[in-house]
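Please work from the sequences and hints to get the whole structure.
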Amino acid sequence: MLDVAVVQWKPRKGDLAANFGALESAFAQLLAGPGGAPGLVVLPEAAMTGYFLEGGVYELALPATAFAQRLDDAWRGAGGSGPIDVSCGFYENDQGAYHNSALYATIGGPAPRVRHVHRKMFLPTYGVFDEERFLTRGRRLETFASAFGTTAILICEDAWHAIMPTIAALKGARLLIVPSASPGRGLAGGGLLESVERWRSTLSLTASEHGVYVLYAGLTGFEGGKGMSGGSCIVAPNGEVLAALDELSPAILRATLDPDEVDLARATLPLLGNLGAVLPDLWFDDALPLPRGGAADAPGR
Amino acid sequence: MLPVVEVPLQRSDGLAIDGALTERWLVAFLRDEMIVRRGIERAVLGLSGGIDSAVVAYLCARALGPENVHAIRMPYRTSSADSLGDAQTVADALGIHVETIDITDAVDGYLRHASDADPRRRGNVMARMRMLVLFDQSARLGALPVGTGNKTERLMGYFTWHADDTPPVNPIGDLYKTQVWALARHLGVPVHVIDKPPSADLEANQTDESDLGITYLMADRILSQILAGYRNEQIVAHGYDAADVALVRKRVESTHWKRHLPTTALVSSTAINEFYLRPVDF
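Each protein sequence line maps, in turn, to chains V and W. Per the numbering used here: the first sequence = residues -9 to 291. Per the numbering used here: the second sequence = residues 614 to 895.
Since the hints were derived computationally from the structure, they do not count as laboratory data. Treat each hint with caution, since some may be false.
Straight-line C-alpha distance at most 20 Å; calculated EDC-like pairs for lysine to aspartate or glutamate [unchecked claim]: (1) V/Lys161 / V/Asp250; (2) V/Lys216 / W/Asp787; (3) W/Lys764 / W/Glu866; (4) V/Lys161 / V/Asp271; (5) V/Lys216 / W/Asp894; (6) V/Lys161 / V/Glu251; (7) W/Lys809 / W/Asp824; (8) V/Lys216 / W/Glu866; (9) W/Lys863 / W/Glu822.
See below:
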């Protein structure tokens, strides 16, 4: 069992000090709350800077270890005395290569420990998005051992490609952490932005197809007219949206994740197991544009 | 016999909006962009008596409180008396501040040096004078000018460049005119203001739709298809009149420049907004 807190976050644009200060307050709130500190805190994409930075990325990106140290400082500043796991999106400076990344770190121990960094692979560069102009895409989707079990991080558009959670699940993921910064659009009706409805249905289908928990943390607040559409939610392995926030309010979702629910969902709807059985037939189809000797050999590229 | 469901070639016009959702989103936009980002809690806007500025006044009143909204009526001597009255009706309904600054002397003072000015030039002088007044009142009141241009007029180029489009925030600039009407009904804008023919009121008996040569409803339906990427012949196949489609397309394609900042000669690899890129709120 793992107690988690998904934080819908509204940063002050480009102000690392102010945002880590606000995070310290959020940590203090969690520590003082009735449930006490959770085992895992999940924050959105680009949570400590805001999303649309353009060239400001080069001023605000941090190495993963430095970012984890800032998280650790905030935790200790809030009075945190024991270890806690945090997953948070940030702009990463890896010796001059800049990525839209999210880390999973254990802080509050003898020293902050970065346990995983996922670098966003699908950098949206169309319409309002311009990520690939400023950033380098990640090259690998890895799973890692979190406090819950085998876990993967998918950043925003990563999760819109059905193959990504599929690969994560095939690699053993039982939990997907999805930090996001999604400009809201579509006012046609139903009480929810169309972009939020799409997220919710995508995440529900993702969870139920593979029998995984999904923790979706959305950025909120307006950035130069573009409103980040929040909509943070926790989805059970059977696809049920256990809790969800609106588009606009910074808030915290708390839940307890039960590993047995993953097993039960997979027993009830064994799609992941079926996929594992059929996958070789699908994968080794010569008509698929897949590399056989390395990424550079991929036909159609 | 099996029942047959036919899917029409013509798509939904995509213009429907959820009034409550739209209000919530745009009120949040105003609060974030004005108070959170800029630290300014007061708005100033030109209240013409028309639907666009009425809707913006309603949104500002709900976002900031009516006591923080300052509406300025800026009539010229040829302006319709009805416009002044309709603006007053909106201000009274909301309980916002309203004052009148007549621009006749200022406009005529310049036009004495431009006796050959045709109605279009005169209209542009009035629009730019109103923006001059609005920005000066902004400084007097410590209030942020709020724009009232809608997506239809922006796309059709039906506005005065560096006049109507200059306020630093605009809550309705991504709403087509027909969506502004729908939002107005949701917000409770007086029916008379919603139903009267839209007019820039720069010339006697002027209406927008006669200026544009097409109704707003038809223009919006065609615009939404153009922006979705359809070619003219596809839009005609969807049931629209070829001449209307051509008219709207021509207006959009001849006015791209009006939706941009001035063209600057690029001579370095640090040219602003070309190489040196920082977002507006950075």
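- Return the numbers of the hints above that this structure violates; sort them in rising order. As far as the earlier hints go, only 8 is violated by this structure.
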